[in-house]
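Participant: The lines below spell out each chain.
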Amino acid sequence: MSAETLGVRRSINARRLLLPFVGLIIPVIGVTAWWILSAQKPSFYFPSLATIWDRFVHTWLLGGATAEIWPTLSSLFLGYAAATLVGITLGVVFALLPSVNRFFAPLLEFVRAVPGLALIPLFVIALGVGIETKIGLVIFGAVWPILLNTVDGIRSQDLTIRDTVFSYRLRFRDRLFRVVLPSASPQIMAGMKVSLSISVIVVIATEMVVSINGIGNFLLKAQAGFDLTGMWSGLILMGIIGYLLNVIFELVERRVLRWHRAMYEGNRR
Amino acid sequence: MSDTLTSGGANAGAGSSAGISPSTPTLTAEPRMSVRSVSKSYTSDRGVVKRVLASVSFNVAPEEFVAIVGPSGAGKTTLLRTIAGLMLPTSGEIFFDGDEVTGPPERLALVFQDYSRSLMPWMTIEKNVTLPLRRKKLSKDEQKRLAAEALSAVGLGDIGSHYPWQLSGGMQQRVAIARAIAYQPDALLMDEPFASVDAQTRSDLEDLILALKKQYGMTIVVVTHDIDEAVYMSDRVIVLSGSPTSVRQVVDVKLGGQRDQLVTKSLPEFVELRNTVLTAVRRPVGEPSP
Ligand SMILES: Nc1ncnc2c1ncn2[C@@H]1O[C@H](COP(=O)(O)OP(=O)(O)O)[C@@H](O)[C@H]1O
Ligand SMILES: [Mg+2]
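If you read the sequences in order, they're chains A and B.
Okay, so the first sequence: first residue is 1 according to UniProt numbering, each after it adds one.
Okay, so the second sequence: first residue is 1 according to UniProt numbering, each after it adds one.
Accuracy of the hints is not assured; some may be wrong.
Using C-beta positions, here's what the derived DEER-type ranges look like [to be verified]:
#1 G242(A) to Q184(B): 24 to 34 angstroms
#2 T160(A) to V48(B): 51 to 61 angstroms
#3 E265(A) to K140(B): 54 to 64 angstroms
#4 A81(A) to K136(B): 44 to 54 angstroms
#5 Q200(B) to V86(A): 50 to 60 angstroms
#6 T160(A) to T43(B): 46 to 56 angstroms
Going by beta-carbon spacing under 10 angstroms, a handful of chain A positions derived as facing chain B [claimed, not checked]:
#7 R15
#8 F166
#9 Y168
#10 R169
#11 P182
#12 S183
#13 M263
Hints are computed from structural coordinates only; laboratory data are not their basis.
Glycine is no exception: its CB is placed at the ideal position from the N, C-alpha and C atoms.
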């Protein structure tokens with residue numbers, strides 16, 4: 001196995017070229033099988049993939065319901081960005097001020113235990129059925145992994161780094177932005193990744209329950225109108241959106257954590 | 001009994017090159033650092049008190065080079081962190097340039113035993129070296145110039161754009177030293193700075209520090225467990241006793257200002273000093289203990 005690894009290492013170019021495609025093998029086989037099988041015996045619940053694809057193109061690409069994508073994505077992005085900001089800020093406060101942490105930790109543990117979706121009625125009463133409710137619920141659902149990971153990441157900071165920071169009497173903002181947050185960034189990014197999936201789930205679920213627009217709302221209406229083909233096209237859209245969000249996130253993560261990855265790989269050599 | 005009284009002077013003993021220095025205060029300038037009856041205890045989470053330092057006293061004169069030796073676990077790191085103002089002594093006082101130390105003094109830099117972990121892996125070498133300069137009122141160009149100067153002073157050329165993890169251990173330690181020098185401190189504390197580099201790098205770094213001391217006129221306190229190194233580099237060796245730690249003996253090293261790895265280490269005075277320190281280190285605990 002190590003010989004094989006070495007061989008692959010040596011031909012880095014070949015590896016770079018082929019690697020992205022290895023992951024495509026299973027999806028390609030799956031889609032092909034789906035296409036063939038569903039074409040042979042289409043049923044009401046499982047329309048042929050060709051029909052679904054046709055519908056997907058007309059609904060989502062050529063305009064039928066393109067307008068539904070924007071409300072979903074905008075509340076997703078705004079909510080996720082706010083959750084990130086709030087999570088990191090609170091995380092810094094809790095990690096650097098143990099007294100605040102001791103004071104608020106029990107309250108937060110309690111609030112965190114409430115399932116986000118159970119708060120839909122409360123949010124609707126407070127904020128209505130518009131984008132504010134969606135954003136609020138995304139923040140509520142997605143803030144926890146970021147908050148907890150930020151606290152953990154800062155708390156586990158190396159003691160030598162801490163001594164260095166204090167003995168050179170760094171200003172608070174240098175300490176925060178150049179030492180504390182970068183050193184916690186691997187854990188913060190891990191939390192943000194979990195939160196991204198949560199945000200997608202919360203947005204779609206909220207749209208299904210209360211919203212008057214968005215992809216979630218479209219899915220619910222399609223199901224209620226027995227438009228199974230439309231529903232399947234919406235599911236495919238969500239799959240694609242989720243996948244693209246992940247790809248974008250990983251590109252950003254790769255950049256931000258370049259040092260971490262390089263250090264880890266260096267140590268293993 | 002005599003151990004606990006070695007609180008005074010720098011190079012006061014003129015006669016013998018080795019021995020317990022008398023407790024007379026230095027006649028010359030005010031000491032750069034003054035450690036006065038410092039004791040330090042750690043209290044564990046369960047409330048168990050562990051006494052690490054017991055009444056440690058010594059002075060360090062301006063531009064003096066002092067080496068501190070003692071068995072591992074004696075509390076050398078504890079002593080250095082206390083002098084650096086990273087923690088307060090349980091009792092006693094520390095003065096730096098006449099001011100009591102209650103936090104990290106501005107004109108002091110510390111080089112850590114764990115050099116590889118004291119550099120920030122997310123920053124380039126240049127950013128690492130200029131980080132402590134950001135609070136000084138210097139332009140960006142000035143900061144960069146100081147960093148480049150310090151890096152070339154420690155024998156590292158054009159590596160400002162590299163990252164710490166791309167360098168060898170010896171080079172990382174040089175970067176940590178360069179960061180301290182660029183900060184332009186009056187005094188430099190070093191905690192077993194060469195403990196984990198190979199022998200060749202080690203003697204290179206010893207000479208580098210001696211050269212830098214001359215060039216910048218710094219006061220230097222080095223903790224080491226290598227007795228040859230202590231004698232070779234310093235003007236004075238402070239030998240610590242086992243726990244709880246106090247100063248067991250202070251050995252004046254009168255080998256002159258010019259040191260050379262081969263010449264100095266083969267001088268009969270060097271061998272004699274080295275044996276004096278070794279005897280002091282090896283003296284069993286409890287013999288003349290406080
Ligand atoms: N933060 C700490 N909390 C409790 N005990 C400590 C702490 N730091 C050091 N010690 C203990 O104090 C003693 C001296 O440690 P240290 O100063 O690191 O010694 P040295 O540097 O001479 O090897 C050791 O027994 C160590 O276990
Ligand atoms: Mg130590």
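Participant: Go through the hint on M263(A) and say holds or violated, using the shortest Cβ distance to chain B against 10 angstroms.
Facilitator: Holds - the Cβ of M263(A) comes within 10 angstroms of chain B, reaching about 5 angstroms at its closest.
Participant: Restraint: R15(A) near chain B, CB-CB cut 10 angstroms. Satisfied or not?
Facilitator: For R15(A), the interface hint is violated, since the closest Cβ of chain B sits about 22 angstroms away, which is over 10 angstroms.
Participant: If I claimed the Cβ atoms of A81(A) and K136(B) lie 44 to 54 angstroms apart, would that claim hold in this structure?
Facilitator: Violated: the Cβ-Cβ distance is about 36 angstroms, outside 44 to 54 angstroms.
Participant: Any CB of chain B closer than 10 angstroms to the CB of S183(A)?
Facilitator: holds, 7 angstroms
Participant: Would the hint on Y168(A) be counted as holding, given a Cβ-Cβ threshold of 10 angstroms to chain B?
Facilitator: Holds, about 4 angstroms.
Participant: Can you let me know if the beta-carbon spacing of G242(A) and Q184(B) is within 24 to 34 angstroms?
Facilitator: With Cβ atoms ~54 angstroms apart, the hint is violated.
Participant: Please check whether T160(A) and V48(B) have a Cβ separation lying inside 51 to 61 angstroms.
Facilitator: violated, 25 angstroms
Participant: Mind checking the CB of R169(A) against every CB in chain B and telling me if the closest is under 10 angstroms?
Facilitator: holds, 6 angstroms
Participant: Would you check whether P182(A) satisfies its interface hint, that is, whether its CB is within less than 10 angstroms of any CB in chain B?
Facilitator: This hint holds: P182(A) lies near chain B, its Cβ roughly 4 angstroms from the closest one there, short of 10 angstroms.
Participant: Starting from the hint 50 to 60 angstroms, judge whether the C-beta atoms of Q200(B) and V86(A) obey it.
Facilitator: Taking Cβ atoms as reference, Q200(B) and V86(A) lie about 53 angstroms apart, which means the hint holds.
Participant: Taking the Cβ atom of T160(A) and the Cβ atom of T43(B), is their distance within the range 46 to 56 angstroms?
Facilitator: This hint is violated: roughly 22 angstroms between Cβ atoms.
Participant: Double-check F166(A) for me: the hint is only fine if its C-beta lies closer than 10 angstroms to a C-beta in chain B.
Facilitator: Constraint on F166(A) satisfied, holds at 6 angstroms.
The earlier numbered hints that this structure contradicts are 1, 2, 3, 4, 6, 7.
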